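Colleague: Residue numbers (the working numbering), protein chains in the order written: chain A, 1 to 334; chain B, 335 to 610.
Since no wrong hints were added, every one of them can be taken at face value.
Okay, derived cross-link-like pairs now, DSBU-like style, lysine-lysine, Cα gap no bigger than 30 Å in a straight line: (1) B:K437 to A:K211; (2) B:K502 to A:K59; (3) A:K113 to B:K502.
Partial chain A-side listing against chain B, Cβ under 10 Å, derived: (4) A50; (5) S78; (6) Q82; (7) A143.
Note that these hints are calculated values from the structure, not bench results.
Every value quoted in this text rests on a predicted model; they were computed, and no experiment measured them.
Even for Gly, the Cβ is constructed at its ideal location relative to N, Cα and C.
Take a look at the letters that make up each chain.
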Amino acid sequence: MGRITLEGVQKSFGPVHIIKGADLDIPDGAFVVFVGPSGCGKTTLLRLIAGLEDVSGGKILIDGKNVVDVPPAKRGLSMVFQSYALYPHMSVRGNIAFGLKMAGLPKDEINRKVEAAAATLNLTPYLDRKPRELSGGQRQRVAIGRAIVREPKAFLFDEPLSNLDAALRVQMRLEVTRLQKQLATTAIYVTHDQVEAMTMADKIVVLNAGKIEQYGSPIELYQRPANLFVAGFIGSPKMNFIAGDVAGQHNAATIGVRPEHLDIDGGGQGWSGKVMVAEHLGSDTFLYVDAGPVGTLTARCEGEKGVKAGDQITLVPDPNRIYRFDANGNAIFA
Amino acid sequence: MARKVTTANVVVSTAGAWLVGFLIFFPILWMVLTSFKTELEAFATPPSFLFFHWTTENYATVQERSDYLHHALNSIIIAGGSTLIALLIAVPAAWSMAFSPTKRTKDVLLWMLSTKMMPPVGVLVPIYLIYKNVGLLDTRAGLIFILCLGNLPIVIWMLFTYFKEIPKDILEAARMDGATIGRELIYVLTPMAIPGLASTMLLNLILAWNEAFWTLNLSTLDAAPLTTFIASYSSPEGLFWARLSAASTLAIAPILIIGWFSQKQLVRGLTFGAVK
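Kindly produce the complete structure, drawing on both the sequences and the hints.
Modeller: As structure tokens, this is what we get:
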């Protein structure tokens with residue numbers, strides 16, 4: 001079991017409020033990603049759950065039990081650090097076994113579990129090597145092995161893939177997701193990379209300036225962002241925002257249209273302008289269009305349309321996909 | 335473009351390195367050679383380098399005139415004792431400053447080092463008077479105390495920089511893995527800190543062994559370490575170079591041997607953190 005509930009969790013460092021009251025319910029077995037810009041408090045929130053920082057207020061419940069006064073080791077969670085944080089003087093075996101050794105398990109049981117974990121992660125040939133003799137991806141796997149071998153109530157991942165190169169990151173992303181589904185253990189995963197968030201999560205927590213902006217499934221956040229921040233943060237390229245008279249026509253302070261919901265060659269009412277830059281990614285092309293009074297708009301079209309910089313085009317929004325926001329930035333749902 | 339390494343380059347730099355090495359080592363070599371000469375040959379100009387009458391009589395004289403073992407034992411106790419106490423104080427101090435620094439930590443570190451900026455002779459009179467009044471003159475405890483205090487800032491600084499190199503994440507990982515503070519110390523921290531601890535200990539041992547200012551001024555016989563033993567050959571009856579050299583050779587021999595066997599550790603310790 002690994003249900004984690006936060007009730008009004010706050011954290012301040014001196015006069016600085018890092019977490020301004022977080023409420024969250026993470027069901028057992030869910031893969032939840034904390035995402036947000038740097039400095040939004042996502043790592044702090046994870047460390048509060050881990051017990052590496054003390055809360056300034058509120059409750060953290062693990063399976064219904066308040067753990068704010070429980071030391072990290074007794075919370076039954078395990079953590080994978082961004083820097084891997086392997087013990088440099090121990091072999092891979094020693095690293096993975098350390099937690100079990102601390103728990104006082106008998107030797108043969110430790111060996112059996114370590115070998116099982118190593119087999120799951122393809123680490124068997126490296127069991128007797130030291131961390132410095134491993135590649136980045138292998139070190140990462142050792143760190144994960146150390147986390148899974150203890151059979152914790154939940155895994156905590158603190159940007160575990162950010163030190164890997166792009167190709168390896170995609171591969172590890174799949175492995176972590178697959179492993180979590182296989183073990184059916186609750187996981188909380190911190191990242192600033194929205195692609196990781198969207199691809200891995202069952203549910204995403206979007207954090208901004210110490211506040212939870214929205215909590216929902218990736219597709220919910222994409223389709224029904226609760227406010228301007230979430231709308232701008234989720235989705236790539238970013239959503240276009242238009243204020244002023246154009247928004248007023250839709251009875252909103254601001255309207256938002258995603259680049260993929262702008263049609264460039266269909267008929268209808270739209271905004272015309274000149275293409276300033278065209279980024280050709282192959283399958284897609286991103287167009288940055290100077291649309292005069294409504295500002296610069298980004299549009300996403302098929303890669304083989306043949307639009308280039310300098311072309312004059314008209315962008316027509318899909319009328320069912322126009323997001324409306326009030327003066328406070330909150331979404332207006334029809 | 336990669337730099338080309340030619341044979342000539344290697345020869346020249348190797349020869350240069352040997353020359354510098356020889357120059358640095360020469361005083362010690364000269365001292366050892368002189369200790370095997372007769373007093374007359376020790377004075378000779380031009381000096382003879384290797385072709386002289388080799389004799390061990392200086393060592394016999396030194397052994398006869400003063401109790402080498404007594405002074406050597408004092409040196410061991412004073413250098414060892416002051417190092418041990420300095421480490422006992424410095425480890426927790428450096429630990430807390432490295433792992434839970436406050437905004438004053440930097441100032442405290444600098445303040446500690448500032449005590450080394452004052453020449454010791456500036457406080458000789460007050461220290462001497464205090465020692466006289468509390469009866470610490472010419473006692474091993476008194477010397478251990480003053481040498482320990484003298485080296486403490488350097489020991490704390492060295493340990494602080496080593497501990498700083500240990501990533502905090504690793505300690506947190508150990509905590510998540512269920513290690514208590516005691517076990518974290520035994521299984522994780524200490525093994526990682528051993529190189530730093532060892533080189534700090536060695537350096538402090540050497541510094542304390544060769545410290546002459548306080549040991550000469552605060553001891554006469556009972557607590558006198560090898561530095562005082564050497565100094566006793568430089569005065570009143572005039573200079574006896576050969577005997578002085580024999581005494582000096584005997585005095586530095588133990589520390590030289592320790593230094594030789596631990597040179598790998600020492601060099602690693604002194605360049606720790608410079609290259610990852």
